[in-house]
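Chains as they are written, first to last, in the working numbering: chain A, 401 to 545; chain B, 401 to 545; chain C, 401 to 545; chain D, 401 to 545.
Treat the hints with care, since some could be wrong.
[As the list claims (entries may be wrong)] Cβ pair distances, simulated, as ranges: (1) C/E430 / A/N444: 44 to 54 Å; (2) D/D415 / B/G514: 17 to 27 Å; (3) C/G443 / D/E430: 41 to 51 Å; (4) B/G458 / A/V516: 20 to 30 Å; (5) A/G513 / B/G458: 21 to 31 Å; (6) A/V516 / D/E430: 53 to 63 Å; (7) C/F491 / D/E488: 48 to 58 Å; (8) C/A422 / B/E430: 48 to 58 Å; (9) B/D479 / A/D498: 27 to 37 Å.
[Said to hold, decoys possible] Here are some of the chain A residues that sit facing chain D, going by a computed Cβ distance under 10 Å: (10) L457; (11) I462; (12) F473; (13) G481; (14) G487; (15) F491; (16) I493; (17) N494; (18) D498; (19) I501.
Since the hints were derived computationally from the structure, they do not count as laboratory data.
In this text the structure is predicted, and so the values were computed from the model without any measurement.
From the three backbone atoms N, C-alpha and C, an ideal C-beta is built for every residue, glycine too.
4 protein chains.
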Amino acid sequence: MADKTTPTANGMTLDEAHHIIAAARRKALEIGVPMNIAVVDTGNNLTAFARMDGAWLGSIDIAMSKAKTARFFDMTTADLGAASQSGESLFGINTSNDGNIIIFGGGIPLVRGGVVVGAVGVSGGAVPQDIEVAEAGAESFNNPQ
Amino acid sequence: MADKTTPTANGMTLDEAHHIIAAARRKALEIGVPMNIAVVDTGNNLTAFARMDGAWLGSIDIAMSKAKTARFFDMTTADLGAASQSGESLFGINTSNDGNIIIFGGGIPLVRGGVVVGAVGVSGGAVPQDIEVAEAGAESFNNPQ
Amino acid sequence: MADKTTPTANGMTLDEAHHIIAAARRKALEIGVPMNIAVVDTGNNLTAFARMDGAWLGSIDIAMSKAKTARFFDMTTADLGAASQSGESLFGINTSNDGNIIIFGGGIPLVRGGVVVGAVGVSGGAVPQDIEVAEAGAESFNNPQ
Amino acid sequence: MADKTTPTANGMTLDEAHHIIAAARRKALEIGVPMNIAVVDTGNNLTAFARMDGAWLGSIDIAMSKAKTARFFDMTTADLGAASQSGESLFGINTSNDGNIIIFGGGIPLVRGGVVVGAVGVSGGAVPQDIEVAEAGAESFNNPQ
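Please build the complete structure, drawing on both the sequences and the hints.
Right, dumping it as structure tokens:
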């Protein structure tokens, strides 16, 4: 299904975003943790968002910010976080961009043909769980079947 | 598919929200205008969001605020807007709630058993188009098949 | 009951604020409209707030802003509103003070000994209903029994 | 007393919130520290708030944010804080959600039948005092008499 009626390129279709969310949701159900899942496009604008039943309300914003952060700097939020601890080079970066920066894992860039065209952000569990679910979403984009 | 692993009631499941978005999207495709579509739950927290390919970027925020406004006051944003013109009783209401208030059509409460349990907000076209698409979404919730 | 352990004067005790809220709530129950009710003190800081069961979520912020507005300018929000319509002298004032200004009725200053020592704000119904309930609250402060 | 004139479920009545605030206030008077006390409902919307006479003005916002934080993540703010120190998994989380996150003690979820239906937040003293007063409020909800 193609929604586009005007030729605005954004590097990510809604169907692709929904495909990513569906893959992440399957992983979240598999590990038994309800998650918030967000997908942004090349321009770092929200393409799709889903809050699974019972997922933390405070993670709605965090999932979106994780996706935005991953596209802001074209790296995972886990990698950005490592450089943002007290004493490290980017300490304090999380108050930039109106505070829409998350410096722990769960945000992953989406790459097509070697180019970052968006990002996925997941929040709702322990950080390793968020990362596992975000990776399932990113994997489905990088290797569609 | 039930995501809920902890019994937190929010009056709206993700599947219901996706069903509403799908119905609204079909109507948007039918009239040929790509839309942003948002669904909030009883507590006015975002449940799901979708931006159709090519939809206005400035309408991401407006769609979310239309949904929130409709739940904030349990009425359509069109009805709220009629009372918010200069000289009318609610003139100026749109600067309340951190400006997350939209006073033109496209936000509609979602009702179940006589109780407002959420709202849908649509933005991306002329206001009558936004209303038409939001009504298609709300209709699918009120009369699921 | 006196809570104060340090002599910080604010012109309004919590017991007085709760007395105002109780009086307003009785009036709201009498007219059958659930309301949000806020009381601020001399320094325009929130002293007490109550949301009656089923009251509009969007009126939480509006009740607080009505109280603040009434103390900001030591006049009712209805009076401020009359001067803030398009073409009138204060048109646009509602975007000042971070948007925490409401320019329709329901906010009323609280006066003791000819001095404004706080304000009450009510939101949840049609504007005349909000005013009626706010007046019941203000009356109970001005004429305690 | 039931305020509800429209059947909107929010998981917490105003009377319940006032009962929690009264219990917290008694504990605050007992330890001699005036407190700000906030209660939110299932949807994380403010239900009631009280500032005791002489309580810190800067703690009005903190009490509300503590309550919100406890409901945002369905855990105490003390527990969230432990995971949010530099080098820990959630470091930086406090700039999310528009900064309405507090990562020290005094916010506690309110549970009914195993379901989180709101939260209480207390601020005005040393953190152990805030926690003691919040626990008195939460205890009164979990074990009403």
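Would you pick out the hints that fail for this structure and give their numbers low to high?
Going through the list in order, the structure violates hints 3 and 12 and respects the others.
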